[in-house]
Each structure stands twice: as C-alpha cells, then as structure tokens.
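Please build the complex by placing chain S on the supplied structure of chain F, with the hints as guidance.
Now for the letters of each chain:
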Amino acid sequence: MERGGIIKHNKDNAPKTGDWKFMKPEVDASKCIGCGTCVNPCPEAVIELIERADGNKKKLAEIDQEYCKGCGVCAAVCPVKAISMRK
Amino acid sequence: MNKNLTKKLAPGHATCAGCGIPAIVRTVLGATDEPVIVSNATGCLEVTTTIYPNTSWKVPYIHSAFGNAAATAAGIDAAQKALLKNKTLRQAQGKKPAKIVAFGGDGGTYDIGLQALSGALERGHDFLYVCYDNEGYMNTGCQRSGATPYGANTETQPAGTQSFGKDKQRKDLMEIVKAHGIKYLAQANVAYLDDLKRKAKKALETPGPSFLLVLQPCTSLWRFPTSDYVKVGKLATETNFWPLYEIEDGKYTINYTPSNKKPIEEFLKTQGRFKHLFTSRNKNIILQIQQQIDENWEKLQKKVSGI
Chain F
0 MERGGIIKHN KDNAPKTGDW KFMKPEVDAS KCIGCGTCVN PCPEAVIELI ERADGNKKKL
60 AEIDQEYCKG CGVCAAVCPV KAISMRK
Chain S
0 MNKNLTKKLA PGHATCAGCG IPAIVRTVLG ATDEPVIVSN ATGCLEVTTT IYPNTSWKVP
60 YIHSAFGNAA ATAAGIDAAQ KALLKNKTLR QAQGKKPAKI VAFGGDGGTY DIGLQALSGA
120 LERGHDFLYV CYDNEGYMNT GCQRSGATPY GANTETQPAG TQSFGKDKQR KDLMEIVKAH
180 GIKYLAQANV AYLDDLKRKA KKALETPGPS FLLVLQPCTS LWRFPTSDYV KVGKLATETN
240 FWPLYEIEDG KYTINYTPSN KKPIEEFLKT QGRFKHLFTS RNKNIILQIQ QQIDENWEKL
300 QKKVSGI
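These protein sequence lines are chains F and S, in that order.
Per numbering that gives the first Met the number 0, the very first residue in the first sequence carries number 0; after that it's consecutive.
Per numbering that gives the first Met the number 0, the very first residue in the second sequence carries number 0; after that it's consecutive.
Mimicking BS3-like on lysine-lysine, the simulated pairs with C-alpha atoms at most 25 Å apart in a straight line are: (1) S:Lys57 / F:Lys10; (2) S:Lys230 / F:Lys30; (3) S:Lys6 / F:Lys15; (4) F:Lys58 / S:Lys2; (5) S:Lys250 / S:Lys302; (6) F:Lys56 / S:Lys2; (7) F:Lys15 / S:Lys2; (8) S:Lys6 / F:Lys58; (9) S:Lys2 / F:Lys57.
Coverage of chain S stretches by chain F, computed from C-beta distances (three or more under 8 Å per stretch; other residues unrestricted): (10) 21 to 35; (11) 51 to 59; (12) 226 to 238.
FYI, nobody ran anything at the bench for these hints, they're computed from the structure.
For every residue, glycine included, the Cβ atom is placed at its ideal position computed from N, Cα and C.
Bound-form chain S, shown alone:
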C-alpha cells in the first residue's frame, strides 16, 4: 500500500470497488500536516470505514448521529478552545489546536444535517465541512435526496410509464451556505484531485468555518462500470453539469471553463440512472436538463463578473 496516502485513512475499508470517497478523504486530509480530528455523519463513509470492532481511521474520529456532523465538529471546536485555556494542557499538546474536518454525504448535508450545518456556520466555529455529493441516499439503495438531479431514476421516485424519475431541480446548497457569510466555500470534483487539494488547503487555512462540496460519482447506483468514476466525474464538469468554482469573501471565481463544452447527453448516457431518458417519450426531459444547465452556467458567470 502507499504509505504516504494511508497515513490517515488505511485500506481494508469496505467501500464498493471503484468508489471515490476514500480518494476525497485522503486528498482533503492530505492537504494539511497539522493534527486533525474528524467528525462524520452517517453515510457510506461511516458504515464502510468503521465496521465494529475495527476502524480504518488513524486520526481521532467521532461519529454521533446522522444529522449532526457539523454540531459534533462545533462541540469539538468549543471543547478544544476550553481545554487550551488550561495552561498545562496547552503545554502538553503544543499551542496549536487540531484542525477539525467534518465529512457528510449529501443526505447528511442537504437534507438531514442542514440545520446542524447552518447552526455551526452561523456560530462561526473553526472547522471545515466537506460534503461528498453522490446525489442520493446511496448507502441504503438510492432513495431520492435534495441533491438528486432532475430526471434521475431513484428508488423512491422510480421512472416508469407515469414518471420520468425525479421531477424537481436539485437544491442549490452552495448559495444556501454562502448566505451564512462564511469566508471560503468551493465546489470541487473528485475527478480533479489537484484542484480539490488546493481548495482543501485554502479551506483549512481559513479561520472560521469553510465548506467544500465535492461531486462523488457512485459506481453502484449511478450505474456505471467500477473503473469509470474519474471519467464520469470529468464529464460532469466538461458538460457544465458540475462547474468548479470557489467563493472567497463573496467573490466568485470559476476554476475551470471547458474549452469546448460537451452536450449533457454525453454525461447522461454514461449512467444507468438516466437510461429511461433516451426513449422517444422522454426526449424533452433531456432538453429541459440542458436548458437548466445553460441557465445555471449563465447565472454563475454573471456572479463572477459581479452583475
């Protein structure tokens, strides 16, 4: 195994073959040499890395409940500040407090954990929240979440003769988090690990709360071959489905503009969850998705230029 990469998360965990979540965790935690404490929401990452009585984590790790990864991180931050007031402890541990990183899936962030996240951001705790977004409750079999895109086939909103899958647009979490006025937040993609590392570094250096939203193509329930998470992730960005951008002090920057933008079909056709859209009955759904993506991209560009 790679000794450098497995300093904080060891192999032997039970994520599906071809899952990108461990790559996200290793990249984010690898962006700092300082000690880290991890708080984790319930989700794929939690159930696969902490199978009792074993653990893959080599750093201090807390899992409490589904919805409160951010609240747990806030508690760690408060406890750390209180402990560091004590002189002997300060000398024993060194003066610097550990970095706190919370990981949550889209279910634990967009839906169930939103309240805890909002509270922790508002109170200004010093932590980084990383949401790995696989666009559904993939751990329990692909139920629809607030992050599931329009037209996707899910277990709770299946495609069939009466339905084309999810009939609502996904939640714009970046804007919700931005509304808390935090200093640094960014949208990243597991297929662009160098970009993710740079953003994680920036986020960890930011005092106060920071947020990363990382796309995580799910091989099992987006339904594509195990070898393809990088390819699918790259297509998401090259079709503008998942633009890479960051917001520093309210200022938007787009990190990657595809030189020739691909049509959204290129992304959709790689995945089984959109298979039903390629029938004559659902043709207009693809047009609607394309239209929405173009609109979002235009909006983002306007935000960059400050109009």
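Next up, chain F with everything else stripped away, as it sits in the complex:
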C-alpha cells in the first residue's frame, strides 16, 4: 500500500476476467460491417475497431479475449449478426 492510503491503478495486477466465460464471442470478418454498434455497450470495453489487413475499407471489430467475460451483449446488439457465441 502506498503512502496516504492512495492506491494507484496497475494494469499488471488487473484480474484476467477472460477466465469467467463459458461462451466465447467470435467475429465473422466477412459479415462485420465495422459500424461500431458493439463497441460502447460492451461492459468491459474490450472491443476495438481495427483496420483490415486485406485492404477492405470497412473496419473490423476485434475482441480482447483476455478480459472478455463472455456476456454476449455484443452478439445481441450486432445489427448484421456478425458475432456469434461459441463454446
């Protein structure tokens, strides 16, 4: 504990909440339109829109499985059903 009872954020200590999940979200790159609907509602903020490697102008949703708890909110809000929950 630091002086004065102040605790500072330390990313290395963050519990890896990805262990919680029993269903894993998978993004279908051919369906994803890069609209970003799933980005803000994600409770863990683990979704990021990235540039595609194949030169396609549409962005692609990428999910950080290290912290994703597998709640399935992203799959539920996706307008084109590009995210599916798999065991």
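Quick look at chain S alone, frame taken from chain F:
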C-alpha cells in the same frame, strides 16, 4: 482492450458479466476531456471496481460511506475552491478546477444518500451526480428500495400466495431533485448511450449542481440473460416505463417518443422478477401498472406543454 474507452475505468473489474454500469461510467466520464475526480457511494460499482488492494480507476477516486457520495463531492468542491485561492497551487495545477462526478446506485441515492444529495444540491456545489438505477439493493441480493417498481418480486417483499411483490409505487426522484431548483437534470437509459453522452456533456458544462438518473437493467436480479441489458433497457423506454427527458431551467423536454408504444407486458415478460404477474391471480396488477404508466406519461406531457 479499447484504449480510448478505458482511459478512466480499466477492465478487470468484477461487475457481473453483462452489467451495464461500466458502460454508464465510461460514457459519462468520456463526455469530458477535462480532469475529473470521482466520488462513489457504496454499491455494485464501488465493490466491484475497488477490490483491495487493486483498483480499476485511473482517475482520482474517493469512496467514503454509503450515504454520503454527494457530501464527499461537496467537500471536494469546497477543498478545490480553497486550494485554487492559493496562487502557487493555481499555477501548478492550471487555472481550471477538475470536474467532480459522484456516482451512486438507487439505494445510495433514493434512500440512504437522499439527505446528503439534497444538502449538496441546496448548497449549490459545482458537481454532477449520476444515479445508476437498478431498482433495488442488487449488490446484497435484491432487497426492495425506493426505486423498485410496483409489483416486482424482491427479497424483502417476496411474491407468494399472500403478496404480489412490492405494493408501493416507486419514488419520483426527478421531481424531488427538481424541487431544489437546479439548472440541469435529466433521465437517461444505458441502452441509449448517445443520448446519455449528450446529457452528460450538457450536465458537466452546467455551472453548479446537475443530476442524471440512468436506468441500469440488472442481469442477475431482474433475472434475464446476460446478453440482454440493451434489449431490456430499450423496452423500458419503448413502453414508456422509463421515458427519456431532460429539465433545463425548469423547462421539460422529452427526448424520445416511441412511434408505436408497446404494452407494458412486453417489458415485464423479459424479466424473472415479474414472472409471478403472469398468473391468473395477478392479472389486475399488470393492468394497474399499465394504468400508472399511462398516467405518468400524460403528466409528463402536460409538464412539457407547461399546463
């Protein structure tokens, strides 16, 4: 992880899978680029983000006691004003004081924290109070609160042969807060994050106290699948159970009018806490809920038109 969204609240916290509270926090704090100081009441947000000896908060954060998030925010505001009178400190920190945001659940706002909130609003401190309303003491297992809606099954007022759950209407907190004459307050919903962001921006720009009441569907104890908080939240607004509106200088504005209003059953049937209402014995309770919602909506519309 998303670097932009996790600037102020990091992942790795222990909220239930599918909980909307972090989305509320990130949206509200993301509405400003200025430094912020967070004060937090006891509740789900506090116990899940500050598990000793770790913290998810990357901004200065204070938790003091259950009922005094607003009083703590008032103290920060007073301290900041006093410190900024000191010239050297003013130069060291820049001239602008940090924005102060207090977060509280409905227990820490409607019930236990109401006195502290009322005092801070009355004294006119410059802060934003955000109440995430999950309609009960969800952190401790769904005890009834002043925000629990009529007919909901709770641990302290369970539904059974003698009871249909909570037999009182929920408290109208917006009117209570409005009675303090503050400049900006709004009712928002976690399922409409763009609307929430706009309101948070407005509230943070308002000098003096401002207030946001945000609906937060609780996946664990409203009893619906973890993936559905957005769907349930949207239904709450589309059935007029939770209208989105704001009050600026006493003037009401409705931000969203459902084009075809859905019956309240659509909202109730998504949740396990209302399951008992769909029996022949409790049919009239649903009618009463619908009637109350229609009445409230009519009242709100009258307030908008100023009658």
